[in-house]
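Chemist: The lines below spell out each chain.
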Amino acid sequence: MDGQAILARLAAQLGPAVRETLAYRGDHTAVLALEGLLPALRLLRDDPDLRFDLLVDITAVDYLKYPGREDGPRFDVVYHLYSTTHNHRLRLRVPVEEDDAQVPTATGLWPIADWLEREVWDMFGIRFEGHPNLKRLLLYEEFEGHPLRKDYPINRRQPLIGPRV
Amino acid sequence: MAEPTTRELFLGEAFGDPSQPLHVNLGPAHPAMHGIIRIVAELDGEIVRKADVEIGYLHRAFEKDCEAGPYNNAIPYTDRLNYVSPLINNFGYCSAVEKLLGIEVTDRCQYIRVAMSEISRICDHLTCVGASAMELGAFTVFLYMIKAREYLWELVEEVTGARLTISYGRVGGVRADLPPGFDLKVKRAFGETRQVLEEVHTLITGNRIFKDRMVGVGVLGPEETVAWGITGPLLRAAGVPYDVRRAQPYWAYDRLQFEIPVGRRGDNFDRYLVRMAEMEQAMRIAEQALEGLPGGPVQVDFEGRAIDPAVFVDRGKQGQTEGLLLLPIALSPNLEGQDRRARERVTAPDKRVTLPPKETTYGSIEGLMNHFMLVMDGYGIRPPIGEAYVPVEGANGELGFYVVSDGTDRPYRVRCRPPCLPPVAALPAMIVGEMVADVIPTFGSVNMIGGELDR
Numbered sequence: 021m022d023g024q025a026i027l028a029r030l031a032a033q034l035g036p037a038v039r040e041t042l043a044y045r046g047d048h049t050a051v052l053a054l055e056g057l058l059p060a061l062r063l064l065r066d067d068p069d070l071r072f073d074l075l076v077d078i079t080a081v082d083y084l085k086y087p088g089r090e091d092g093p094r095f096d097v098v099y100h101l102y103s104t105t106h107n108h109r110l111r112l113r114v115p116v117e118e119d120d121a122q123v124p125t126a127t128g129l130w131p132i133a134d135w136l137e138r139e140v141w142d143m144f145g146i147r148f149e150g151h152p153n154l155k156r157l158l159l160y161e162e163f164e165g166h167p168l169r170k171d172y173p174i175n176r177r178q179p180l181i182g183p184r185v
Numbered sequence: 367m368a369e370p371t372t373r374e375l376f377l378g379e380a381f382g383d384p385s386q387p388l389h390v391n392l393g394p395a396h397p398a399m400h401g402i403i404r405i406v407a408e409l410d411g412e413i414v415r416k417a418d419v420e421i422g423y424l425h426r427a428f429e430k431d432c433e434a435g436p437y438n439n440a441i442p443y444t445d446r447l448n449y450v451s452p453l454i455n456n457f458g459y460c461s462a463v464e465k466l467l468g469i470e471v472t473d474r475c476q477y478i479r480v481a482m483s484e485i486s487r488i489c490d491h492l493t494c495v496g497a498s499a500m501e502l503g504a505f506t507v508f509l510y511m512i513k514a515r516e517y518l519w520e521l522v523e524e525v526t527g528a529r530l531t532i533s534y535g536r537v538g539g540v541r542a543d544l545p546p547g548f549d550l551k552v553k554r555a556f557g558e559t560r561q562v563l564e565e566v567h568t569l570i571t572g573n574r575i576f577k578d579r580m581v582g583v584g585v586l587g588p589e590e591t592v593a594w595g596i597t598g599p600l601l602r603a604a605g606v607p608y609d610v611r612r613a614q615p616y617w618a619y620d621r622l623q624f625e626i627p628v629g630r631r632g633d634n635f636d637r638y639l640v641r642m643a644e645m646e647q648a649m650r651i652a653e654q655a656l657e658g659l660p661g662g663p664v665q666v667d668f669e670g671r672a673i674d675p676a677v678f679v680d681r682g683k684q685g686q687t688e689g690l691l692l693l694p695i696a697l698s699p700n701l702e703g704q705d706r707r708a709r710e711r712v713t714a715p716d717k718r719v720t721l722p723p724k725e726t727t728y729g730s731i732e733g734l735m736n737h738f739m740l741v742m743d744g745y746g747i748r749p750p751i752g753e754a755y756v757p758v759e760g761a762n763g764e765l766g767f768y769v770v771s772d773g774t775d776r777p778y779r780v781r782c783r784p785p786c787l788p789p790v791a792a793l794p795a796m797i798v799g800e801m802v803a804d805v806i807p808t809f810g811s812v813n814m815i816g817g818e819l820d821r
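Top line first, the protein sequences correspond to chains A and B. Heads up, the first sequence stops at 185 in this note's numbering, and the numbers go up one at a time, no gaps. Heads up, the second sequence stops at 821 in this note's numbering, and the numbers go up one at a time, no gaps.
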């Protein structure tokens, strides 16, 4: 299936939960409402025509200083999917508000979502509801703040910590 | 209760339950933990019952640093992602920015990228196989493979000027053209490498000790491997023939002949065989790429036209500057490969993206202005607002760069999809239920590279 057909199928199955569909430079993207995320992921993984069996990546973008998004939802959580059977790709974006930033977890669908979501929590401070072990992945527990947020200054220093006694 | 005897203490009999779990830290600084990583294993006798992997010891804010400077400033950082095959990272990042700009690099540049990527892939596989064989006692194999890698690194050094921190990719092309006589040197280095591979096959492929440690160890079935998001040699060893170079060809891969080696069992031995076969295929690809290396420019401009620096010259002033532009100038050795002829062949003809050749910069006001428009703060490469994801086949699997542009000269967000994070995340699934000694070959076959894992 080509990208447009996948987006059309997704929009037909999920209705208004698909906010917008985009195609830019050959990449196809569906912008989803928060409640549509898990149904969409499940549909994309299990539908025999779609069969997106490989969760390539989960990441996020902080749109705090992005032109045109200053007042909009602050974060987008971005999912990249690939199908090893049909050889097609899709990107999903889920806008998330700054207060109580929370997204349902995909760990029930793909085991790799565990670490990818931990990294997003670590770097952006977005919580994943229902995640079994949501702790920092790359940084240490005493680290304050979430460094990939746009309001985290690049030269901010963190207190040195000693070994736990 | 009476004081336990020494025997009772050692066997744990003094505490009622004779077997208690033992917690063992493998790493962070363990000679077999190729980078820095910590595996907290819970052992029952010699069997691993539970494992918890901790990473992040080499985190150095790659993604944050990329946002801080102009687009080309991220290239030295990408060298340090997978530091065994840095060229692939360089080109992967450049391709993502080029996709965002909507430009296509020249044919010659595509072939150079292919050839250099494949040489890097061989270096990576040599390091991985050599190191994991050494951990199983085959020290000779390690020495042979490092010897072969040395020949290949000499090639890399010749082209890029460095062995590891190469920074050879540029948005819109590569830094410089290949040196003269490069294909002959490649032929010689590949001859040596082929001989080493032959020797290694004789030494360990049929070796009883090696096979006992590798066959049936660290098995992950195809469905599980895909569910864990694993790509590259580990996925192919499980029998899934997914390779970005074949599935979604980029650069010149669709014009070259090569096979995708696939395993059956998904164990450590199949991973070893897949890597060995891939090295042969990589040499085949590189040889074809160098053989079919087209002439023509290596850099293009933002609209995909080959750069002709003479066009920079204001036509009205052509009479005055023509002679100046043709003056032969002596370039400092540091600028080698920056002269017009070499530069035209390897970069995209796009003034918005690639620096003009040095004769033009020094010889005409337009060239100088063009140069400064690209290096001044706030100018430089400015892709339109948008986002793009480009996957390339790294040595460990799908290496993806997701770049978001806000229209300024700095990337708004750069995300690197590290190919070795999924297998490290899946490590507990591979080692639980096996002997503690099997952790070492399994971990070796994962080929963890700290630089790209922790970024």
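It is worth saying that the hints were derived from the structure and are not from the lab. Small disclaimer: the values here were computed from a predicted structure and weren't measured. Cβ atoms here follow ideal geometry from the backbone N, Cα and C, with glycine treated the same way. Wrong hints could be hidden among the right ones.
Said to hold, decoys possible - Subject to a maximum C-alpha distance of 30 Å in a straight line, what follows is the list of computed BS3-like cross-link-like pairs (lysine-lysine):
#	chain 1	residue 1	chain 2	residue 2
1	B	K430	A	K155
2	B	K551	B	K430
3	B	K577	A	K155
4	B	K513	B	K551
5	B	K551	B	K577
6	A	K170	B	K430
7	A	K85	A	K155
8	B	K513	B	K577
9	A	K170	A	K85
10	A	K170	A	K155
11	B	K416	B	K551
12	B	K416	A	K85
Unchecked claim - In silico contact screen, one side only, chain B against chain A (beta carbon under 8 Å); selected entries:
#	residue
13	G595
14	G605
15	V606
16	D775
17	R776
18	L787
Chemist: Determine for every hint whether it applies to the structure shown.
Modeler: Outcome of the hint check:
{"no.": "1", "hint": "B:K430 x A:K155", "verdict": "holds, 20 Å"}
{"no.": "2", "hint": "B:K551 x B:K430", "verdict": "violated, 39 Å"}
{"no.": "3", "hint": "B:K577 x A:K155", "verdict": "violated, 39 Å"}
{"no.": "4", "hint": "B:K513 x B:K551", "verdict": "holds, 16 Å"}
{"no.": "5", "hint": "B:K551 x B:K577", "verdict": "violated, 35 Å"}
{"no.": "6", "hint": "A:K170 x B:K430", "verdict": "holds, 9 Å"}
{"no.": "7", "hint": "A:K85 x A:K155", "verdict": "holds, 27 Å"}
{"no.": "8", "hint": "B:K513 x B:K577", "verdict": "holds, 24 Å"}
{"no.": "9", "hint": "A:K170 x A:K85", "verdict": "holds, 7 Å"}
{"no.": "10", "hint": "A:K170 x A:K155", "verdict": "holds, 21 Å"}
{"no.": "11", "hint": "B:K416 x B:K551", "verdict": "violated, 50 Å"}
{"no.": "12", "hint": "B:K416 x A:K85", "verdict": "violated, 44 Å"}
{"no.": "13", "hint": "G595", "verdict": "holds, 4 Å"}
{"no.": "14", "hint": "G605", "verdict": "violated, 11 Å"}
{"no.": "15", "hint": "V606", "verdict": "holds, 6 Å"}
{"no.": "16", "hint": "D775", "verdict": "violated, 14 Å"}
{"no.": "17", "hint": "R776", "verdict": "violated, 11 Å"}
{"no.": "18", "hint": "L787", "verdict": "holds, 7 Å"}
Hint check: violations occur at hints 2, 3, 5, 11, 12, 14, 16, 17; the rest are consistent with the structure.
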